[in-house]
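Colleague: If you want the building blocks of each chain, they are given just below.
2 protein chains.
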Amino acid sequence: MSRNKTVAVVGATGAVGAEMIKVLERRQFPVGKLLPLASARSAGKTVTFRGETVTVQELTENSFEGVDIALFSAGAGISRKFAPFAVKAGAIVVDNSSEFRMNPDVPLIVPEINGGDVKCHKGILANPNCTTAITLMALYPLHKAFGVKRVIASSYQAVSGTGAQAIAELRQQVEDITAGRPVQPSVYPHQIAFNVLPHVDVFLDTGYTKEEMKMQNEARRIMHLPAFKASVTCVRVPVYRAHSISVNAEFERPVSVEEARKVLTGVPGLQLVDDPAQNRYPLPLYVAEKDDCQVGRIRLDCALENALAFWVAGDQLLKGAALNAVQIAELL
Amino acid sequence: MSRNKTVAVVGATGAVGAEMIKVLERRQFPVGKLLPLASARSAGKTVTFRGETVTVQELTENSFEGVDIALFSAGAGISRKFAPFAVKAGAIVVDNSSEFRMNPDVPLIVPEINGGDVKCHKGILANPNCTTAITLMALYPLHKAFGVKRVIASSYQAVSGTGAQAIAELRQQVEDITAGRPVQPSVYPHQIAFNVLPHVDVFLDTGYTKEEMKMQNEARRIMHLPAFKASVTCVRVPVYRAHSISVNAEFERPVSVEEARKVLTGVPGLQLVDDPAQNRYPLPLYVAEKDDCQVGRIRLDCALENALAFWVAGDQLLKGAALNAVQIAELL
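Protein chains in written order, with this note's numbering: chain E, 1 to 332; chain F, 1 to 332.
Watch out, some of these pointers could steer you wrong.
[Stated by the list, open to error] DSSO-like, lysine-lysine: derived pairs with alpha carbons at most 30 Å apart:
id, chain 1, residue 1, chain 2, residue 2
1, E, Lys-210, F, Lys-262
2, F, Lys-88, F, Lys-122
3, E, Lys-144, F, Lys-33
4, F, Lys-229, E, Lys-262
5, E, Lys-229, F, Lys-144
6, E, Lys-144, E, Lys-5
7, F, Lys-33, F, Lys-45
8, F, Lys-149, E, Lys-210
Keep in mind the hints are simulated off the structure, nothing from the lab.
Model the full assembly from the supplied sequences, consistent with the hints where possible.
Modeller: Right under this line is the structure:
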């Protein structure tokens with residue numbers, strides 16, 4: 001890739017957008033020009049990139065002239081409306097929203113797993129759901145070794161997954177409670193401080209949420225495994241920025257903890273943190289702001305056959321979003 | 001039962017002990033004399049019962065003379081050492097610790113499920129693990145209808161389960177973080193504020209914790225179902241006093257959401273709270289200080305056959321401990 005790419009970040013003032021700009025800088029992505037884009041409301045704000053102040057521009061249909069790569073993270077509606085304009089202008093879009101993830105013309109990529117799929121793109125590539133990406137970082141190596149059949153998972157998702165306003169809402173609620181003031185939920189339907197909400201994304205007629213079905217639907221595409229099944233319960237917890245997932249996975253072939261540990265050792269992007277005797281296991285607080293996901297609490301499942309129970313954690317804004325998106329851009 | 005029972009509460013200054021005294025009063029248990037007992041360190045403190053101040057006595061081998069019922073909630077070590085003295089003195093012990101739960105001579109009781117087992121007692125009755133009791137409030141009616149085979153569960157357990165010191169630790173950590181002071185974990189091995197810990201109770205050689213195996217072991221006894229299997233991941237979350245459990249349960253017979261809802265409607269001690277369209281589902285914050293457990297998010301499991309996914313929440317100090325113990329005493 002020649003230097004001096006013009007890179008647009010759509011949603012530059014959001015939690016993921018801000019992280020994308022940091023990741024571009026930290027990984028020395030060959031950015032010639034950074035173009036931070038956001039809604040009219042946020043236009044005029046500034047971001048810092050390589051020590052320089054860059055003014056956020058309003059996102060319009062004409063924003064993408066001369067743009068090589070456009071990283072979108074401003075929700076499915078914005079992607080739906082503006083990604084086609086970016087493609088038309090000649091940019092390659094890496095989209096962090098759910099808009100194109102199930103579109104057969106759009107590769108859905110976790111670089112460590114199916115990086116080769118990028119070559120099939122037609123102008124747009126999709127970044128998977130955060131909980132799915134983090135879970136697959138541990139599940140995929142196990143799948144390669146033992147052949148995964150199905151997964152039961154329950155998540156512990158940080159407020160960063162909802163965005164910058166949710167981070168502020170948790171902080172505000174904690175301050176209000178500490179000061180004895182009443183709590184006014186606004187981003188979430190109920191108080192999130194000192195509570196957990198079994199409600200992430202909108203409900204479907206089946207009773208599952210859209211978020212809960214992403215692991216099955218997206219993992220099938222990413223792992224090239226159309227028969228994969230996953231029953232997931234997604235839960236928002238009062239944690240600021242890393243997700244954790246409790247996973248029970250059933251495999252085609254017999255498994256052992258020893259083999260699983262071997263398989264999960266030295267995997268790029270994944271750390272094995274599994275020494276219960278020393279109180280060492282993945283924790284969202286410690287994995288926050290780290291590129292690598294962590295897996296631990298590995299044990300032989302005592303209710304399913306040929307199955308393992310384990311615990312994965314990963315920074316939702318990094319591997320769950322900004323890092324993975326920039327890694328996709330690096331593959332191009 | 002004639003009036004004027006002398007009731008000892010062992011661990012009267014702990015989180016569960018304090019709640020036991022409130023429950024005795026609220027349910028108009030026929031207490032003639034209340035005898036609050038605790039360690040030498042806490043002796044001399046006072047508790048309030050029916051508007052009167054009662055002084056906490058030091059627990060000794062001779063504390064139980066004239067006691068009819070002794071409610072123990074001061075940890076397994078204290079139960080092991082002192083319950084035999086209570087029995088010898090003629091008291092009936094209802095023990096909230098894990099000490100006697102797997103002892104075949106000790107009935108393990110959830111009154112709504114196996115209240116009839118109380119008659120087999122030989123002086124000691126055991127109160128089940130809090131997460132198990134709350135889960136079974138929803139699982140047992142489903143078992144009666146469909147025949148449960150196995151369960152995969154992940155818990156979201158409040159700090160109250162660890163005790164009064166843990167409640168204080170969460171509060172202190174939140175204050176320290178808000179004030180920009182460093183956090184000093186002491187009750188838990190890691191910070192609990194804005195974090196989740198996949199670590200409740202001590203680790204076994206299998207990699208499961210003792211807490212995680214309680215659901216399988218205790219549910220087998222309570223449901224009279226020796227082949228029942230449960231793979232559980234127990235996680236501590238920064239919630240003050242109610243537990244939540246994400247459950248995937250596989251049954252012998254075909255299930256439907258409609259039938260499950262019917263089965264779970266009107267069950268004593270359980271409320272069906274399952275209207276996702278109105279953002280209504282069980283929440284630990286709202287179930288706190290309530291006697292009834294709540295079940296919701298009921299859906300047909302999309303990874304297991306003949307299976308349901310659902311979400312249960314219950315006050316850990318009440319149904320998970322003090323209420324259930326007093327309900328057992330009421331059966332006597």
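Colleague: If a hint holds in the structure, say so; if it does not, say that too.
Modeller: Status of the hints after comparison with the structure:
The hinted pair formed by Lys-210 of chain E and Lys-262 of chain F meets the criterion: a straight-line CA distance of about 26 Å does not exceed 30 Å. Annotation: proposed proximity of Lys-88 of chain F to Lys-122 of chain F holds, straight-line Cα distance about 11 Å (limit 30 Å). Distance restraint check for Lys-144 of chain E and Lys-33 of chain F: the Cα-Cα separation of roughly 66 Å exceeds the 30 Å cut-off, and the hinted pair is therefore not satisfied. As the CA atoms of Lys-229 of chain F and Lys-262 of chain E are separated by approximately 27 Å, the hinted pair is consistent with the 30 Å bound.
Taking the CA atoms of Lys-229 of chain E and Lys-144 of chain F, the gap is near 28 Å; set against the 30 Å cutoff, the hint holds. The straight-line distance between the Cα atoms of Lys-144 of chain E and Lys-5 of chain E is roughly 36 Å, outside the 30 Å bound, and the hint therefore fails. Proposed proximity of Lys-33 of chain F and Lys-45 of chain F is supported: the alpha carbons are some 17 Å apart, at most 30 Å. At most 30 Å may separate the alpha-carbon atoms for a hinted pair to count; Lys-149 of chain F and Lys-210 of chain E meet this at roughly 28 Å.
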